[in-house]
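K.L.:
Protein sequence lines, in the order shown, are assigned to chains A and B.
When you read off a place in the first sequence, starting at 1, and then add 63, the result is the number in this note's numbering.
When you read off a place in the second sequence, starting at 1, and then add 3, the result is the number in this note's numbering.
Calculated from the structure, these hints are not laboratory results.
All C-beta atoms in this analysis are idealised placements derived from N, C-alpha and C, irrespective of residue type, glycine included.
It cannot be assumed that every hint is accurate.
Simulated restraints, written as ranges between beta carbons of each label pair [stated by the list, open to error]:
hint, chain 1, residue 1, chain 2, residue 2, range
1, A, Leu-127, B, Ala-314, 35 to 45 Å
2, B, Asp-384, A, Ala-202, 55 to 65 Å
3, B, Ile-70, A, Ala-202, 52 to 62 Å
4, B, Ala-314, A, Ala-78, 55 to 65 Å
5, B, Asp-384, A, Ala-78, 33 to 43 Å
6, B, Tyr-493, A, Glu-245, 26 to 36 Å
7, A, Val-97, B, Ala-314, 28 to 38 Å
8, B, Arg-286, A, Glu-245, 53 to 63 Å
9, A, Ala-119, B, Leu-449, 47 to 57 Å
10, B, Thr-43, A, Arg-276, 48 to 58 Å
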Amino acid sequence: MASTLSPIAPQFDDAAQQRDASNLGIWIFLATEVLFFGVLFAAYTITRTQHPAAFAVGSRLTDLPLASINTALLLTSSLTMALGVHAARSGERRATVGWLSLTVGLGVMFLAVKGLEYHADYVEHLVPSLNFSYSGAQANEVELFFYLYFVITGIHAAHVFIGVATISVIAFMASKNAFSPEYFTPVDLTGLYWHLVDIIWLFVYPLLYLVSRS
Amino acid sequence: MSSITVAEHENYLTTDFRLWSWLTTLDHKRIAVLYTLSITLLFFVGGAAAALIRLNLLTPYSELVSIETYNKLFTTHGVIMVWFFLIPSIPTTLGNFLVPLMIGARDLAFPRLNLLSWYLYVIGAICAIESLMAGGVDTGWTFYTPFSTEFSNTHVFAAVTGVFIAGFSSILTGLNFIVTIHEMRAPGLTWFRLPLFIWAMYATSLILVLATPVLAMTLVLVAVEHIFGIGVFDPALGGDPLLFQHLFWFYSHPAVYIMIVPAMGVASEIIGCFARNRIFGYRFMAYAMLAIAAFGFVVWGHHMFVSGQSAYAGTVFSLLTFLVSVPSAVKVFNWTATLYKGRISFEAPMLYALGFVGLFTVGGLTGLFLASLGLDVQLHDTYFVVAHFHYIMVGGAVMAFFGGIHFWWPKITGRMYSDAWARFAAIVTFVGFNLTFFPQFIVGYLGMPRRYPEYPPEFQLWNVLSSMGAVILALGYVLPLFYLFRSLRYGPAAPANPWNAKGLEWQTSSPPLPENFLRTPVVAEEPYSYSADRPSDG
Numbered sequence: 064m065a066s067t068l069s070p071i072a073p074q075f076d077d078a079a080q081q082r083d084a085s086n087l088g089i090w091i092f093l094a095t096e097v098l099f100f101g102v103l104f105a106a107y108t109i110t111r112t113q114h115p116a117a118f119a120v121g122s123r124l125t126d127l128p129l130a131s132i133n134t135a136l137l138l139t140s141s142l143t144m145a146l147g148v149h150a151a152r153s154g155e156r157r158a159t160v161g162w163l164s165l166t167v168g169l170g171v172m173f174l175a176v177k178g179l180e181y182h183a184d185y186v187e188h189l190v191p192s193l194n195f196s197y198s199g200a201q202a203n204e205v206e207l208f209f210y211l212y213f214v215i216t217g218i219h220a221a222h223v224f225i226g227v228a229t230i231s232v233i234a235f236m237a238s239k240n241a242f243s244p245e246y247f248t249p250v251d252l253t254g255l256y257w258h259l260v261d262i263i264w265l266f267v268y269p270l271l272y273l274v275s276r277s
Numbered sequence: 004m005s006s007i008t009v010a011e012h013e014n015y016l017t018t019d020f021r022l023w024s025w026l027t028t029l030d031h032k033r034i035a036v037l038y039t040l041s042i043t044l045l046f047f048v049g050g051a052a053a054a055l056i057r058l059n060l061l062t063p064y065s066e067l068v069s070i071e072t073y074n075k076l077f078t079t080h081g082v083i084m085v086w087f088f089l090i091p092s093i094p095t096t097l098g099n100f101l102v103p104l105m106i107g108a109r110d111l112a113f114p115r116l117n118l119l120s121w122y123l124y125v126i127g128a129i130c131a132i133e134s135l136m137a138g139g140v141d142t143g144w145t146f147y148t149p150f151s152t153e154f155s156n157t158h159v160f161a162a163v164t165g166v167f168i169a170g171f172s173s174i175l176t177g178l179n180f181i182v183t184i185h186e187m188r189a190p191g192l193t194w195f196r197l198p199l200f201i202w203a204m205y206a207t208s209l210i211l212v213l214a215t216p217v218l219a220m221t222l223v224l225v226a227v228e229h230i231f232g233i234g235v236f237d238p239a240l241g242g243d244p245l246l247f248q249h250l251f252w253f254y255s256h257p258a259v260y261i262m263i264v265p266a267m268g269v270a271s272e273i274i275g276c277f278a279r280n281r282i283f284g285y286r287f288m289a290y291a292m293l294a295i296a297a298f299g300f301v302v303w304g305h306h307m308f309v310s311g312q313s314a315y316a317g318t319v320f321s322l323l324t325f326l327v328s329v330p331s332a333v334k335v336f337n338w339t340a341t342l343y344k345g346r347i348s349f350e351a352p353m354l355y356a357l358g359f360v361g362l363f364t365v366g367g368l369t370g371l372f373l374a375s376l377g378l379d380v381q382l383h384d385t386y387f388v389v390a391h392f393h394y395i396m397v398g399g400a401v402m403a404f405f406g407g408i409h410f411w412w413p414k415i416t417g418r419m420y421s422d423a424w425a426r427f428a429a430i431v432t433f434v435g436f437n438l439t440f441f442p443q444f445i446v447g448y449l450g451m452p453r454r455y456p457e458y459p460p461e462f463q464l465w466n467v468l469s470s471m472g473a474v475i476l477a478l479g480y481v482l483p484l485f486y487l488f489r490s491l492r493y494g495p496a497a498p499a500n501p502w503n504a505k506g507l508e509w510q511t512s513s514p515p516l517p518e519n520f521l522r523t524p525v526v527a528e529e530p531y532s533y534s535a536d537r538p539s540d541g
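Produce the complete structure using the sequences and hints provided.
P.N.:
Encoded structure:
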C-alpha cells in the first residue's frame, strides 16, 4: 500500500502539484456534501415552517441526553483528528496512530449511542411507517418530523460510518510507516472529511433536538 | 488492426489489445472511448423509444400501443436520453479525451476516479434498463410526486437508483475536470489562453458538481417515500409535493446547461477553425459560459409557473430567466462575428456547428416565449415546450456532439472518414430535425398537450409531418455509424493536424501517444491565432 501511494503519480510533475490537486479535489467533494445535506435542511425548513407546533412536539420526544453525549463525543473526535493530522505532519508515527485510533474509538462510540437512541425510539413507538403511534394532535405531522429525524440522522450516521472505516485504514497505513512530513495527504484529506461530518452534526443537533424545546 | 501500415510509434490504441486492459485502463483517452461506445448504445435505446412515440402519433387514436405503454415509452425516452446520453455526452467523451490534451497534461488529475466514474455510469445504466425490462416506469422523466411515490405501481425504485448512481459518475467527472484545469495546465497556458472548449468544460463541471448532489438526495427522498409510504412530499401527512418540484428543477434546470454549455465549447472550436478567424470577443465568450452556469442556478421556478408557486416568485423567476438570454445572445453574436471576413470552408464538422448555431438560436428565442408569465399559461405542457427544449437539447447539444465527433475523429482514431458522406449526413440531420420539431411549435401553440397518446384529428397533419421528419432524422443519426466505422478499416491514416487547427491537441500525433506528448508543450500564444497564418486581410 505504502509503496503504491507515496511516489508521485505519472500524471503529475512534482509532489507539490499532486498535493495541491488532492487538496482542491477534497474541497470540491466537501462542497458536494454540503449540497447533499442542503436538500435535507431545505426539506426540514419548509416542513417546519408549515407545521411549527408539530415540530415542537416531535423535538421534545427526542432523546436529548443521548444526543448531547454524542455531540461531546463527535466534537472531541474532531480534536483528536486534528492532533492526528498534526502528528502526521510532524512525522511522529506512534502519536499519529494513537490519535487516529482514538478518533476511530470516539466515532464507534457515537454510532453505538446512536444505536441506543434508535432502539429507545423503537420501544417508544416513534419509528415512522414501522410502528409509529402518537395520540396527540397533528399525529401525521409529528410522524413527518420523525421521518426527517431518521433520514437526517441516518444519512449522517452513514457518513460517520464511512469516516470510521476510512480513518481505520489510514491508521493502519500510518502504523506501516506510509506517511512522512513530506507526504501525509491521505491523513490530511480524511481529517477534512471528518471535520465536515462533525460540522454537519453541529447543525443537526440543534435543529432536531434543541429548537422549540423549552 | 487493419491492412494499412500502422504508424511508426505506439499510440494509446495499440499499447494493449486485450479486453482486460480496456476494462482496467486509467488512460483518459481509452476511458473516453469506453464512454463513447456506452452512450452511443444508450442513445439508440432512447431513440427507439422516440421512434415508437412518433409512430404511435401518426394517427389520432393511439392505434399502436396502449395508453399505459405510451406513458412508459415517453418516460423511457426521457430518462435514457437525459441522464444516460445528453448529460454525459460531450463531457465524458470529447471532454475526457480532450481536456488533458488541450492543456498539455499527461492525464486527468485522478485517473482512478475517472475509471470509477465510467463503471458507475454502466451500473446506473444497467439499473435503468433493468427497470425497463421489469415493466417500465410511467411517471415521466421528471419523477413528479405523487406519481412516483404512493400512486406508482411501476418500477420507480430501479429507475431512480440508476439515475442516482449515474449522478455520482457525473460528480466525479466534474470534480476531475475542475482540479485538472486548475492544477495541470502546461507552462505558459494562462486562463485566458485556454481554448473555449476548456472554459466550457470548466463551467459545465461547476454545474455538475454543485447541482447533481441536490438531485441525488432528492431521489433518495423519493425512493424512501416510495418504499416506506411516508415522506415530506406527501400532502396527506402535511408534506408538500411542490417541494419535490423545487428540488428537482434546482438540479434539472442547470442540467440543461450541462447539455448546452459543452456544445457551445465544441461549436467555438469548430467555427474558429473553419472560418480561419480568431474567436470574436474571446473573453466575453468565456465569461458568458460562466454567467450561463451561474444564472442557471436561479431560474428553476420557470418550470413551475402554473404549479401553484406564488405570483411574486413567478415574476422574479421570469425576470431572471430573461437574463439568461443576455450571455446566450453574446455567444450567438460572437460566433456570427467570428464568421465575418473569415475564410469559411464547409467541411462536415462546420456544417454541424453552423446547424448548431441556427437551431440553438431558435431554441433560445422560443425559450423567451416560455419565460413570459402570461404566455406560459397558454403554452405550458404543450408541444411548444417539447419543440423548444428539443431545439436546445437535440438541435443544439446533439448537433454539436456530432460536430465534435467529426472534428476530432481523426485525432481519436487516426483515420479520415468520407467527408462527402459526412456532409450529406449533417444536412439530412438538419432537415430531418426541423421537419420533426418545427411542426410541434405550431401544434403546441394550437393547444396540443404533451404526453398524451391521442389528439384531436385536426392536429393530424402536423403530427404526420413530425413523424416523417423523425424518419429522416433517424437516417441522419444512423448514417455516421456506417461511414465512421468504415473509416476505421478503410479510411486513410489521419495526419496529426488534418484541419490545420490551432490547439495543443493537434500538435501530438493522431492517435496520440499513451502519454499524450513526448515533451510537455510550452504555450506562448493566444488561442485561435488563425489570422496569423494568413498573408493579408482584404
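K.L.:
Output the numbers, in ascending order, of every earlier hint that fails for this structure.
P.N.:
2, 3, 5, 6, 8
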